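**Student:** Here's the letter readout for the chains.
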Amino acid sequence: MKAIVKYIISIISALRTLIKGMAITGHYISHPKEIITQQYPENRETLKMFDMFRGEVVLTHNEDNEHMCTGCSACEVVCPNGTIEIISKRIEMPDGKKKKVIDKFVYHLSMCTFCNLCILSCPTDAIKMSQDFEHAVFDRSQLTKVLNKPGSKLMEGVR
Amino acid sequence: MEEIATNKNTGKPLETQEYFINMGPQHPSTHGVLRLLLTLEGEIIHNVEPHLGYIHRSIEKMCEKDSYTQIIHLTDRMDYLSSHMNNEAVSLAVEQGLEVEIPDRVKVIRTIISELTRLSSHQLWWGVFGMDLGAITSFLYGFRDREMIIDIFEETCGARLTMNYNVPGGLMFDIHPNFQKGTKAFVTHFKKKLPEYDQLLTENVIFELRTKGVGVLSKEDAISFGVTGPTGRASGFSNDIRKHNPYSAYTQVDFNEVLREEGDSYARYKVRIQEMWESMSIIEQLIDNIPEGDYKVKTKAVIKLPKGEYYQKVETARGEFGVYIISEGGKSPYRLKFRSPGFSNLSALNRMAKGAKIADLVVIMSTLDLVIPDIDR
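Chains G and R, in that order, are what the protein sequence lines are. The numbers in the first sequence follow numbering that gives the first Met the number 0, run straight up by one, and end at 158. The numbers in the second sequence follow numbering that gives the first Met the number 0, run straight up by one, and end at 376.
The set of hints was computed from the structure by calculation and includes no laboratory data. For clarity, every value in this text was computed on a predicted model and none was experimentally measured. Nothing false has been slipped in among the hints.
In silico SDA-like links for lysine to any residue, alpha-carbon gap of 20 angstroms or less:
{"hint": "1", "chain 1": "R", "residue 1": "K183", "chain 2": "R", "residue 2": "N288"}
{"hint": "2", "chain 1": "R", "residue 1": "K180", "chain 2": "G", "residue 2": "D50"}
{"hint": "3", "chain 1": "R", "residue 1": "K192", "chain 2": "G", "residue 2": "T36"}
{"hint": "4", "chain 1": "R", "residue 1": "K192", "chain 2": "G", "residue 2": "I23"}
{"hint": "5", "chain 1": "G", "residue 1": "K19", "chain 2": "R", "residue 2": "L132"}
{"hint": "6", "chain 1": "R", "residue 1": "K192", "chain 2": "G", "residue 2": "I18"}
{"hint": "7", "chain 1": "G", "residue 1": "K19", "chain 2": "R", "residue 2": "E207"}
{"hint": "8", "chain 1": "G", "residue 1": "K98", "chain 2": "G", "residue 2": "V157"}
{"hint": "9", "chain 1": "G", "residue 1": "K127", "chain 2": "R", "residue 2": "D173"}
Let's have the full structure, built from the sequences with the hints guiding it.
**Tutor:** Structure, rendered in structure tokens:
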């Protein structure tokens with residue numbers, strides 16, 4: 000007899016805790032405003048990442064297609080994974096002097112760990128992190144990018 | 000009396016024998032690639048032998064060629080749920096070698112972010128623990144609250160998980176103007192939501208039956224295996240480094256070290272829930288008085304540590320994390336060793352799981368809060 004009573008009590012107490020837990024579920028069903036689910040990619044238009052967000056490294060260009068990279072290779076040296084490769088060339092200036100400028104700023108997104116050390120090391124603030132986070136591509140080779148735009152040149156006064 | 004099955008032809012009792020079974024490396028409840036070789040008799044576990052090496056990346060060896068600034072980002076990838084504490088440990092060890100005085104502002108910010116990281120780690124653990132027991136609801140609730148912390152990190156340092164916010168000598172950049180507001184909003188929000196955790200899981204009868212008395216670890220065993228963190232504290236082993244060897248701003252704050260005596264899975268669960276309250280209290284004490292000052296001490300571009308040995312330990316969400324650097328005076332360490340909490344905690348698994356059922360092993364592993372990349376660096 001005692002065992003049966005104990006058995007029934009345990010069932011009742013189990014049901015009580017079940018109802019207790021379900022009360023929270025009921026609360027959120029009746030309060031849809033407290034639900035925080037976002038409908039991605041439907042909200043692509045309004046979804047904005049924070050300014051600090053580390054998406055990928057970009058080389059900033061102004062309207063005249065000029066960048067600020069002097070080709071000093073500080074980012075290439077500081078990168079732990081060999082993500083950045085700077086290929087430079089020598090051009091002749093109008094006054095006859097030879098000057099080193101970047102030919103290609105190669106960035107391997109597939110190797111990047113987003114540690115932000117390159118951004119900190121840049122003496123001219125030429126590179127920054129973009130807020131773009133949709134990096135998926137169909138082929139791995141597309142992840143190797145040349146960051147300086149074709150025909151771009153060094154901004155006046157940056158040294 | 001127990002009935003013994005007999006062989007019909009010979010009339011002799013049937014012989015039983017132990018057998019082996021592999022749990023993992025792709026088992027969902029091992030939270031990564033951990034392979035356990037179980038020795039079983041029926042459903043009773045006689046022996047558990049963990050096999051490691053499925054996610055070995057030789058981080059310690061890689062550190063020997065990297066500069067001291069570069070090492071920090073590798074530690075993100077060990078215990079990724081307490082990445083800030085790992086970063087902090089390396090930074091503190093390097094600062095110890097450089098003998099620089101860290102501004103109070105840096106200390107306080109580091110402490111606040113450490114506690115936020117601990118909260119986010121425990122929230123994720125709580126969600127996953129529920130899911131291991133078959134309750135998917137807790138997973139969604141845990142991640143809901145964690146998202147708020149992750150947003151604070153994202154706003155301040157740009158990354159959500161692998162933060163890399165520390166540099167030797169301070170922080171990478173100053174906190175975002177919204178940092179204090181966001182953190183305060185989170186603490187007020189989570190103080191309301193944490194009782195929901197108890198209501199959903201802690202007081203549930205099925206949950207209590209599955210955790211109470213399961214996987215008991217005695218205090219003596221906890222000490223001899225070097226089990227630290229909430230797992231050790233649930234067995235009564237007082238090991239909180241924030242209390243015993245305070246670093247950063249832990250000297251300024253008043254908090255309790257959560258201790259329990261039972262040493263079973265339920266005790267480990269309760270310790271972590273209680274630690275969330277303690278973390279929130281630490282954040283509340285510091286968030287309004289972040290001192291003004293620099294966020295970084297100027298260090299040389301190429302950091303060279305003087306010849307010698309440096310050791311620094313911090314309390315991560317899983318236990319004691321130590322960094323041991325041997326420097327020969329160069330720009331990268333001669334030798335570097337990490338003492339990861341997960342590795343020592345895993346070593347006690349065999350002692351805890353002996354005599355338990357396979358279903359209990361899932362509970363025990365989950366309460367150890369294993370992060371495999373931390374165990375298998």
